Amino acid sequence: MQNDRQISFSANIVCDSEIIDGYMTIRNGKIVDIGSLKPVGEIIELGDSYVVPGLIDLHIHGLHYSLIDNGPEDLQEISKALPRYGVTGFLPTLTPRPKGEDAEFLRRLSKTKVEGAKILGFHMEGPFLKITGSLTSEAISSSDTARVEALIEAAKPSKAIFSISPDVEGIEQLIPLMAKNNTPVFITHTAANVEQTRHAIALGAKHATHFYDVFPCPDVTEPGVRPCGAVEAILADESVSVDFILDGVHVDPIAVKMALISKQKGPGSVSLITDANVGTGLGAGRFMFGGSGEIEFARAGAPARLVRDNTLAGSGLTIDQALRNAMKWLDMDLPQATKLASRNPAKVLRLDNTKGKLAKGYDADFTVLDKEYNVLETWVGGECKYRV
Numbered sequence: 001m002q003n004d005r006q007i008s009f010s011a012n013i014v015c016d017s018e019i020i021d022g023y024m025t026i027r028n029g030k031i032v033d034i035g036s037l038k039p040v041g042e043i044i045e046l047g048d049s050y051v052v053p054g055l056i057d058l059h060i061h062g063l064h065y066s067l068i069d070n071g072p073e074d075l076q077e078i079s080k081a082l083p084r085y086g087v088t089g090f091l092p093t094l095t096p097r098p099k100g101e102d103a104e105f106l107r108r109l110s111k112t113k114v115e116g117a118k119i120l121g122f123h124m125e126g127p128f129l130k131i132t133g134s135l136t137s138e139a140i141s142s143s144d145t146a147r148v149e150a151l152i153e154a155a156k157p158s159k160a161i162f163s164i165s166p167d168v169e170g171i172e173q174l175i176p177l178m179a180k181n182n183t184p185v186f187i188t189h190t191a192a193n194v195e196q197t198r199h200a201i202a203l204g205a206k207h208a209t210h211f212y213d214v215f216p217c218p219d220v221t222e223p224g225v226r227p228c229g230a231v232e233a234i235l236a237d238e239s240v241s242v243d244f245i246l247d248g249v250h251v252d253p254i255a256v257k258m259a260l261i262s263k264q265k266g267p268g269s270v271s272l273i274t275d276a277n278v279g280t281g282l283g284a285g286r287f288m289f290g291g292s293g294e295i296e297f298a299r300a301g302a303p304a305r306l307v308r309d310n311t312l313a314g315s316g317l318t319i320d321q322a323l324r325n326a327m328k329w330l331d332m333d334l335p336q337a338t339k340l341a342s343r344n345p346a347k348v349l350r351l352d353n354t355k356g357k358l359a360k361g362y363d364a365d366f367t368v369l370d371k372e373y374n375v376l377e378t379w380v381g382g383e384c385k386y387r388v
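Per my numbering, residue 1 is the first one in the sequence shown, and the count goes up by one each step.
I should point out that these hints are in silico values taken from the structure, not numbers from a laboratory.
Please note that a few of the clues may not be correct.
As the list claims (entries may be wrong) - Here are the computed distance ranges between Cβ atoms for each label pair:
no. : residue 1 : residue 2 : range
1   : 220       : 143       : 29 to 37 Å
2   : 177       : 131       : 21 to 29 Å
3   : 177       : 108       : 17 to 25 Å
4   : 42        : 249       : 38 to 46 Å
5   : 225       : 248       : 30 to 38 Å
6   : 170       : 33        : 45 to 53 Å
7   : 248       : 222       : 29 to 37 Å
8   : 218       : 307       : 28 to 36 Å
9   : 41        : 180       : 40 to 48 Å
10  : 45        : 100       : 53 to 61 Å
11  : 291       : 42        : 45 to 53 Å
12  : 47        : 283       : 30 to 38 Å
13  : 223       : 252       : 24 to 32 Å
14  : 225       : 264       : 27 to 35 Å
What the hints assert, rightly or not - The calculated lysine-lysine pairs, modelled on DSSO-like cross-linking and capped at a C-alpha distance of 30 Å, are:
no. : residue 1 : residue 2
15  : 30        : 111
16  : 156       : 99
17  : 180       : 30
18  : 30        : 360
19  : 257       : 130
20  : 180       : 99
21  : 180       : 265
22  : 360       : 80
23  : 30        : 371
24  : 130       : 156
25  : 80        : 113
26  : 80        : 118
Treat the numbers as computed from the prediction; the structure is a model and nothing was measured.
We treat Cβ as the ideally placed atom computed from N, Cα and C, and that holds for glycine.
All chains, full assembly: derive it from the sequences and hints.
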C-alpha cells in the first residue's frame, strides 16, 4: 500500500493518557489528524481494536533464527520479523569484537537496507564494560578514544549508542565523546560505587539498560548497614532513565514499580526492552550466541541460558508480551503500559518529537491490537508491514 494515499482508521485510538473512540488519518507517512468526526475518503474499519504508537525496542540481539552478530542478512530478517510483535523501530545490539574488526563489521551493518522495523541507531554493548556477564572477554577494554571515534564513524548515517560501565578506568575520557550530537549513553554491566556512577551521569551517561541485571550488590563493609552503589545512584537521579527486561525472571516487578515511583518527573522515565536473543519467538531449543557459545530456551518465552553453566544470556521475550506483562504485573492500563514501550524509549533516543506518540505531525508508526492486546497489524511510515 502506497504511503502517499490518505487513509483513515476507525478504532480505539490510544493517545497519551486517553483512548479516543474515533478516527486517525495518515498521509505521506505522517499522521495528519485524530478526532471523533468521521473523515471523508478511504476508511479502514478496525472495530473495537486498539491503535497504539509503534513499539520501540532499545536492546535486542536476535529473533527467530537470526542474530545481529551474524551480519547484514540476519539484520534484514530481524527487521522484517519485528513488526509481527508490534515493533516499528529498534536498536540492533552488537556484542564486542576485536578492535578494528568491530568497526568494519559495524560499517557493513550500517549500509544494510531493511524493509520492516526501522533501525534507530546501533547499540554497542561493549567493549567498555567492567563485567562480562554472558558476553566474551572482548567486552572488557580500557579507555580508547580512537576506537570510539572509529565506531561512531562506522555507524553513520545512524548513531552509535554505547553501553559503558562507570568503573572502567579512563571512562571519563570517553563519555563526552560518545554523548556528542545529543546521543544517549547507556550504563550497564557495572559494580561502580556511588561516586563513580554520579560522575558518569554528570558527563552524559543518562540511561541504564537491563537495569538490575549485571548490577551486582556492593559488598557489606559495615555489618548491619546496607551499602549503596550504582543502582541507588541511578534511582536517586531523575535525569537518568532506565529500562527493564520484564519477563518475570530477569527482574522482580517490585523493582520496576520502585523505579516508576522514583522517576515520575524524569525524562524518559522507565522503558521496557527485550534483550532478546537468537531463538526468541520459537519454542524450546538450542542456538548459537556467537562467541559466547550455545544457549538454550526451556520453552517459548523462557529466558536464554548458556548451556555450559546456566547463566542468563538475554531473553526470549517479545516487546508485545512485555507490554501485556506490564499491564498484569504493574497494574497499568493500556495507555500507561504503552508509554513504557513507545513514548519513553523514543525519549531516550531523543526522537520523541516524531515517534512514540499518536498525534498530528508524528510519523505514521503504529500497531493495531485486539481486545486481548495481541498484535493484529503493524504500520511503519504509513505502510503496513504486518497483518494477521
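Comparing the hints with the structure gives:
1. As the Cβ distance of residue 220 to residue 143 is approximately 30 Å, the hint placing it in 29 to 37 Å holds.
2. The hint said 21 to 29 Å for the Cβ distance between residue 177 and residue 131, and at roughly 22 Å that hint holds.
3. Hint check: residue 177 to residue 108, Cβ distance near 23 Å, so the stated range 17 to 25 Å holds.
4. Checked against the hint of 38 to 46 Å, the pair residue 42 and residue 249 passes, with Cβ atoms roughly 45 Å apart.
5. Between residue 225 and residue 248 the CB atoms are about 31 Å apart, so this pair conforms to the stated range of 30 to 38 Å.
6. Separated by about 52 Å at the C-beta atoms, residue 170 and residue 33 satisfy the suggested range of 45 to 53 Å.
7. The hinted range of 29 to 37 Å is satisfied by residue 248 and residue 222, whose Cβ atoms lie roughly 34 Å apart.
8. Judged by the Cβ atoms, the range 28 to 36 Å given for residue 218 and residue 307 holds: they are separated by roughly 31 Å.
9. Between residue 41 and residue 180, the C-beta spacing of about 44 Å keeps the proposed range 40 to 48 Å intact.
10. Checked against the given bound of 53 to 61 Å, the beta carbons of residue 45 and residue 100, roughly 55 Å apart, stay inside it.
11. The hinted window of 45 to 53 Å between residue 291 and residue 42 holds, with their beta carbons roughly 51 Å apart.
12. The hinted window of 30 to 38 Å between residue 47 and residue 283 holds, with their beta carbons roughly 31 Å apart.
13. Between residue 223 and residue 252 the beta carbons are some 25 Å apart, a value that agrees with the proposed interval 24 to 32 Å.
14. Our hint of 27 to 35 Å for residue 225 and residue 264 holds, since their Cβ atoms are close to 28 Å apart.
15. As the CA atoms of residue 30 and residue 111 are separated by approximately 25 Å, the hinted pair is consistent with the 30 Å bound.
16. Distance restraint check for residue 156 and residue 99: the Cα-Cα separation of roughly 18 Å lies within the 30 Å cut-off, and the hinted pair is therefore satisfied.
17. Taken as a hint, the residue 180 and residue 30 pair is honoured in the structure, with Cα atoms around 29 Å apart against an allowance of 30 Å.
18. For the suggested pair residue 30 and residue 360, the alpha carbons sit about 8 Å apart, so the restraint of at most 30 Å is met.
19. The suggested pairing of residue 257 with residue 130 holds, with an alpha-carbon distance near 27 Å, which does not exceed 30 Å.
20. A distance of roughly 22 Å separates the Cα atoms of residue 180 and residue 99; the hinted pair therefore holds under the 30 Å criterion.
21. Using a Cα cut-off of 30 Å, the hinted pair residue 180 and residue 265 holds, with the two alpha carbons roughly 24 Å apart.
22. Pair hint residue 360 plus residue 80 holds up; C-alpha atoms about 27 Å apart against a cutoff of 30 Å.
23. The straight-line distance between the Cα atoms of residue 30 and residue 371 is roughly 26 Å, inside the 30 Å bound, and the hint therefore holds.
24. Between residue 130 and residue 156 the alpha-carbon distance is near 27 Å, which keeps this suggested pair within the 30 Å criterion.
25. This hinted pair checks out: residue 80 and residue 113 have alpha carbons roughly 11 Å apart, not beyond 30 Å.
26. Note on residue 80 and residue 118: the hinted pairing holds, with a Cα-Cα distance of about 9 Å set against a maximum of 30 Å.
Hint compliance for this structure: every hint is met.
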